[in-house]
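Peer 1: Chain by chain, the residues run as shown.
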Amino acid sequence: MIEIKHLIKTYKNDSVETKVLRDISLSIATGQMIAIIGPSGAGKSTLLYQMSLLDHPTSGTVFINDLDINSISSQQRTAYRLSSLGYVFQDYSLLPELTAQENVALPLFMQGLSKPDALDRARIALERIGLGERLSNHPSQLSGGEQQRVGIARAIVNEPHIIFADEPTANLDSASSREVIAVLLDINKRGQTVVMVTHEMEYAQLCHRIVELRDGSIVSDTKTQRV
Amino acid sequence: MSSPADKKLNSASLTTCLSVGLFLSIRQVRSTSIWTTSLIVFIMVLTFLNLVVASGILVGSIEGAILAVQKHYLGDIFISTLTQKAYIERTNDIISAAKNLPGVESVSARYIAPGTLQADYKKSKKPSDLSDQVSASFAGIDPTNENAVSDLSSLVVEGSYLQEGDYDQVLLGGMLLKRYNSFESSSFPVLPDVQIGDRVLVTINGNSREVIVKGIVFSKVDEIDRRVFFVDSQLRKFINRFDYNADEIAIRLTSGTDPISIKNALLADGFGSFARIQTQQDAEPKFIKDLRDTFAILGNVISSIGLVVTAITIFIVIFINAITRRKYIGILKSIGMHSRAIEFSYIFQSIFYALVGSTIGLAITYGFLVPFFTQNPIDFPFGDGILVAPIEGTLLRVLVLMIATIVAGYVPARIIIKRNTLDAILGR
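Chains as they are written, first to last, in my numbering: chain X, 894 to 1120; chain F, 5 to 432.
By construction, these hints were calculated from the structure, which means they are not laboratory data. Mixed in with the good hints, there may be bad ones.
Said to hold, decoys possible - Interface residues of chain X toward chain F, partial, derived using beta-carbon atoms under 8 Å: (1) Leu-941; (2) Tyr-942; (3) Asp-948; (4) Arg-974; (5) Leu-988; (6) Met-1003; (7) Leu-1012; (8) Lys-1082; (9) Gly-1084; (10) Gln-1085; (11) Ile-1103.
Ideal Cβ placement from N, Cα and C applies to all residues, glycine included.
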């Protein structure tokens, strides 16, 4: 469960102070799939970064499964991201020098798995999302949709509790986007929490909840028909 | 016992970080363009050569002269007169004892006498004119024994070497002749025009004798180049020395024989009371040792500057690499890769470049440069410069290069990795 209370995020640039998130309080139950929507500059990605331990809020608290993530050290945050969180980036963010299988296996290497075991689990994860034939391809040899699916496989391979997806379909055509959303829905159906930032209402409607941000504040929090 | 929550906060072990770092570095090196890799390796090779060769040439410039003195004059063991004695007493006993020692290859006794050498004594001159005359040291040698010890015949640059029966023929040292010695002065005059076959007048202890120049030796070893060589029997007769007691004995040892053991064996036989027995290193003048040390320090200073330049180069290379890969470093951190693993990946890359550069440098040094300079020494006025690169010293330099490279690779990687993960991902 993710519990956000009175979250404020302010960026300072020289003497200019920009309040990006204004007193956000939000609770996300385990196993939910939630879409965060809103216009550009609303603070969607910033909210995702605060929840996912990639950034520190200016004030307020974020609890993940009762753990106050502001109270832990930088190294503990890294370790927690490795063990419990998965990330899907808008631009896929795969390492170009690694094959698809190696990209997916990387978090497992870091968890101390032997190379053969890690590569085997990476293979299974890629086969699960239909990329069993692309194991030894480098990112440059994959289409955008395929790269994003590799990114998802990397996010789920160590079976984290929560998957954070930052506009995962923004750079994809509609067919690829549908494939990616289908994979995320499948992950959620297996019990993992998914928090997704998106511009596209069509995909937001497929989540349990839609949280709409505007100017750094939540303007609506609605349950969808999926519930 | 740690709870499951604690386990999730535990950092990766050092072994895991090393293993992941190695994996990432291999993949990065493999994906780097061959030209970039070649350029970095080329820089490392140049650095290695700068470290080893610059100081090696400096030390070698003096070492070549020292080796020449050892090879052509001192031998491995050098026996000379005690300061309170006129010559080496019991010379024959010493030679016999030395020849019986295992490891002694050859022995040569030399009879030395100071005198003058006159070249144009037959020309008529004004009473006020000075004749062409130089002071020289006259050495009587057994041509065969001397050649076995000092390879003197290889130093003959004009004419030919002495033979056992040469009655009135001599070898002149090149430094006595103007055409081999450009440092002529009133204190050290030289003979202007002496050719092979010319007659010269030798005067020792007031006795003069006319001899024919059979050959000229030139070695850049002053002790040889300022001497006039006779067959020993002729010189002894000339200076009335009939006791066979020599002034110098040079001993050549077989390869691998410890000179100290031979010196100690001769001293144990009591010959230390009749002569000064020294190894080549003992006999080396102190100023040569000081010069060698000074050149070694100079070489190390030059090498150190090269090392700093290399460290800066590696720093810049790794820094640019890390800066351009900042986004990927951010991604690695965001997916939970320990910063130490990422640092190791850059350190391993640095080690790779240093290792490949050093290996190529070693191959060039020992496969080409050392043999080349041995075959084609650099022609310095005071000796032949060689490349001195003892393997233990070279390995030490490889180690120093490696440490400098590791530091130079670690620091920029650390600077980039310490930056905020999100800023790195977003390129801020």
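Peer 1: Flag every earlier hint the structure violates by its number, smallest first.
Peer 2: Hints 1, 7, 8, 9, 10, 11 are the ones this structure does not satisfy, whereas the remaining hints hold.
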